[in-house]
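Protein chains: 2
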Amino acid sequence: MCMDVFFNPSSVAIIGATEKTGSVPGIILKNLLDMGFAGRIYPVNPKYREVFGLQCFPALSDISEEIALTVIAIPASFVLEIVKQQAQKGVHYAVIISAGFREMGAEGIQMEEDIRKVALENNIRIIGPNCLGVLDNYANFTTSFLSWERITKPKRGALSILSQSGAFAITVLDLAAQEGIGIAKMVNYGNRMDVGESDLLPFLKEDHHTKVVAIYMESVDHGRRFIEAAKACSREKPIVALKVGKGAAGVAAAKSHTGAIAGNYEIYKAAFLKAGIIEANGLEEFIDGIKALSMQSPPMGNKILIVTNGGGFGVIVADYCAQNGLEVTPPSPELKEKLKEKFAKFYVVNNPVDLTGSACDDDYRVVLQTCMVESDEYDAVIIIPLMSPKGMSEKIVSVIDETMKASGKPAVVCTVGGVFATKIKRLLEERHYPVYPSPERSAKAMGMLLERKMLQAH
Amino acid sequence: MCMDVFFNPSSVAIIGATEKTGSVPGIILKNLLDMGFAGRIYPVNPKYREVFGLQCFPALSDISEEIALTVIAIPASFVLEIVKQQAQKGVHYAVIISAGFREMGAEGIQMEEDIRKVALENNIRIIGPNCLGVLDNYANFTTSFLSWERITKPKRGALSILSQSGAFAITVLDLAAQEGIGIAKMVNYGNRMDVGESDLLPFLKEDHHTKVVAIYMESVDHGRRFIEAAKACSREKPIVALKVGKGAAGVAAAKSHTGAIAGNYEIYKAAFLKAGIIEANGLEEFIDGIKALSMQSPPMGNKILIVTNGGGFGVIVADYCAQNGLEVTPPSPELKEKLKEKFAKFYVVNNPVDLTGSACDDDYRVVLQTCMVESDEYDAVIIIPLMSPKGMSEKIVSVIDETMKASGKPAVVCTVGGVFATKIKRLLEERHYPVYPSPERSAKAMGMLLERKMLQAH
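Note that the protein sequences, when read in sequence, are chains A and B. The opening residue of the first sequence carries number 15 in the working numbering; numbering runs sequentially from there. The opening residue of the second sequence carries number 15 in the working numbering; numbering runs sequentially from there.
Honestly, I wouldn't trust all of these hints.
[Stated by the list, open to error] Taking lysine to aspartate or glutamate and the EDC-like style, the derived pairs with C-alpha atoms no more than 20 Å apart in a straight line are:
hint : chain 1 : residue 1 : chain 2 : residue 2
1    : A       : 467       : A       : 390
2    : B       : 359       : A       : 121
3    : A       : 61        : A       : 33
4    : B       : 354       : A       : 121
5    : B       : 251       : B       : 221
6    : B       : 437       : B       : 416
7    : A       : 404       : B       : 33
8    : B       : 404       : A       : 48
[To be verified] With the C-beta cut set under 7 Å, the calculated list includes, among others, these residues of chain A facing chain B:
hint : residue
9    : 179
10   : 297
11   : 298
12   : 360
13   : 362
Just so you know, these hints were derived from the structure itself, not from any lab. Think of the CB as a built atom: it goes at the ideal place given N, C-alpha and C, for glycine as much as any other residue.
Same shape as in the complex, but just chain A (with noise of 0.2 Å):
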């Protein structure tokens, strides 16, 4: 069994195909199709001849070629039919978008395990029900049904996404987006019937296209193969995991939107902790967790540099860097001179270094080029570049990238304001620079890319 199958099949039938508007199946076909996917697809339905002009067939059993992959988004209750028609014909792949399963209760639990029996006797594999299936940004493969007006579309790139929830990993895409972040490849699998964690995880460690994985979790496929399979992975590559279901209310929560047994929290940590995953606490450092790793390598150690134009910045991320084991240790006596020398009396030379309303882009070139290129005390840094003072200018995001690859060590930067920020900050994260948008955030990234230097050396 090839989990590949379901990300780039060789060809693919998408059953209950329309050109119907606000028909499911039909927004799949169209998805599909504006991708730009390069395999065979077959509409099944009969009732039509022709969908989206390519040749419609009235059931699976009516193509005569092979078939590798169903796509299923009819209602519930004619899924387990469909099934056994694929097996019928040796397709051994499907994924189910449709919901009303065990989400439902009793009933929906019923329908599952009778689908289950069908596919476990005829070697079938099964993303979902109750999710969005696939994307694969490289293969220009989908099965979503959401339309890409409203969401952005990212761009192609090194995270993979493994989501339980369905409007989280289209959250995620979309933020993904937003923030520079490069997509590979993105599974729902929703109720999980059958493909999980543990099945994807070793397929995404052999994935060349994968560099960082991101997991969004309410409970887990099977204990044991998930800390096995993550372990594995995360030897090579970081994973980065975001837990919902943790007090009573959430658990609770978790079991009616995926019927998932979120169990005890507690279990969870210590399973990350195992298998070397990198947890994140909440939305924004799942995804500020992910950026981090995406866009540069871990620091050789923990000691960090902060230089700022803005004071009051440099103290909150001093604070912020001690509660993440970062060491904001003061620069020797000697680097010390040597700053002072370049800059002008009022000019705070320390850790932060503080350049004060004063700075100009040129400042932060002097402290970089001085501390991280021509110093090794530091291991890493956080540029906090303010940019209402008229000395700071687009220049920044040059001044930054030239020096910080000259030191090969990582970066991230942070940039607080409106419309000229937000224009600082896309340019230095089209050049792989992560920004964040307040200073205990961007500490906490840093925090991130230390602890997978620390589980790395594990």
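Model the placement of chain B on the given structure of chain A, informed by the hints.
Just chain B now, with coordinates in the frame of chain A:
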């Protein structure tokens, strides 16, 4: 002595005024003229007879009219002389913008001491030095030397800001504009050689434009006076504080920044509790809290309903509600029955109410009308409308506004994503519903509203 003179002086002298670009006193004068300040303005500079069309005077003593306030933004070593001159002229208020004092070490401390002596002997009150001074959004008065080209000036409103850090004060103004928070007054006192929190809180307590007070604090001016002033003020108006310089690294950074002795954080924590101050953890929580408190009233109790069309988001909010003292109680059987009658079978009628990917705007109306207007089971609601499904439109704004107004209960909103979500956020915030970009921040903001309620009940 009346703090009002600092915000709305009948007449102000700008020392060193010039039309030269890049000169600090020149920019201050330009900003003041641009704001449309209605009081009398006197440029002072022996080099010119006219500046920006206003008569310019060689010295303070050459002005025959009374002067209420001086604004001093000339090099530190010349400031003492100006203060002496204003003592002779009988000017009792000064904003000293100039840097180069206490934050530079022993010599700077001595310069401050010399100025303090003259001020004390002559009943002169001083804001600064090393600061931006004040902004009064109703009197159209400012002493800020930052240009409004790169930061957005916020609209008039209910929030007043006290800040030791200038960069921080400006950033909060910029973020306030972005987040739809209206501003009454801003004071940045930098080295705070005289006027500080203990003088300004009693003034803001009486200021009828100010409804919420925000404080950025590295250290406090007078421990006991501050607690008394804050206690009196917080009885009427919520105060949110961000204390920075918490750990050793932050304390050292604060000392370099404004010469502040940041002191033992535990003592601050106890003082905040005693004074009825809501403490924020980080810049974003600070902005999130003042936004919630500026826009919504505290809930009468801690029973929270969660409504969403993204199940996973409901689960995360439920987790974070528990962490913030908010109870996510299930609806009563009667309320559940009432909702179920109105909805499709696969909607999850529980708490969270999960309207699924099939949700439309009017489903939200049904839930809010039934649970918040017609029932008293819940004290407040967190609404999480994800905008990607086709059934969701701009109409959600009026749905929320109409039902929540009818309920008389507070709401906070979470919506995540790109361009469309940003539009919905702006429209909701114009109607005073605070919107947050993550589930954890929406739960925390509601928690801060509840905290205000509990402090009031104290």
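- Message: For a quick check of understanding: which of the numbered hints are violated here, in increasing order?
- Response: none
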